[in-house]
Amino acid sequence: MKAIALLSLLVCLLVPVCAAGTATSTAPTPAPPGKNEELDHVVGVTGHYGGSLTIGQRAEPKTLNPVTESDSA
Numbered sequence: 153m154k155a156i157a158l159l160s161l162l163v164c165l166l167v168p169v170c171a172a173g174t175a176t177s178t179a180p181t182p183a184p185p186g187k188n189e190e191l192d193h194v195v196g197v198t199g200h201y202g203g204s205l206t207i208g209q210r211a212e213p214k215t216l217n218p219v220t221e222s223d224s225a
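Each residue of the sequence shown is one higher than the last, beginning at 153 in the numbering used here.
Keep in mind that a hint or two might mislead.
Pair by pair, the computed Cβ-Cβ distance ranges are [as the list claims (entries may be wrong)]: (1) Gln209 / Pro182: 19 to 25 angstroms; (2) Val163 / Leu191: 47 to 53 angstroms; (3) Val163 / Asn217: 44 to 50 angstroms; (4) Ala157 / Val195: 58 to 64 angstroms; (5) Leu165 / Thr198: 46 to 52 angstroms; (6) Pro180 / Pro218: 48 to 54 angstroms.
Don't read these hints as lab results, they were simulated from the structure. Think of the CB as a built atom: it goes at the ideal place given N, C-alpha and C, for glycine as much as any other residue.
Produce the entire structure from the sequences given, and follow the hints as far as they go.
Here it is as structure tokens:
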């Protein structure tokens, strides 16, 4: 019984390690910009896919509740 438990533990630990080596880790292609979308082009700065983006807004939000947020200004 101990041998079966040890074997199953070993398999559970090794399967994710082996599967991680075969998976491809390519990022999805970003969607093309829309016609009325404002883009900010920065020369000389190289970023990476993912992470966070912090930008300034032109006006204060009308609400901080994301459920009722329909602020278009």
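Hint check results:
no., hint, verdict
1, Gln209 / Pro182: 19 to 25 angstroms, "holds (22 angstroms)"
2, Val163 / Leu191: 47 to 53 angstroms, "holds (50 angstroms)"
3, Val163 / Asn217: 44 to 50 angstroms, "holds (48 angstroms)"
4, Ala157 / Val195: 58 to 64 angstroms, "holds (60 angstroms)"
5, Leu165 / Thr198: 46 to 52 angstroms, "violated (38 angstroms)"
6, Pro180 / Pro218: 48 to 54 angstroms, "violated (24 angstroms)"
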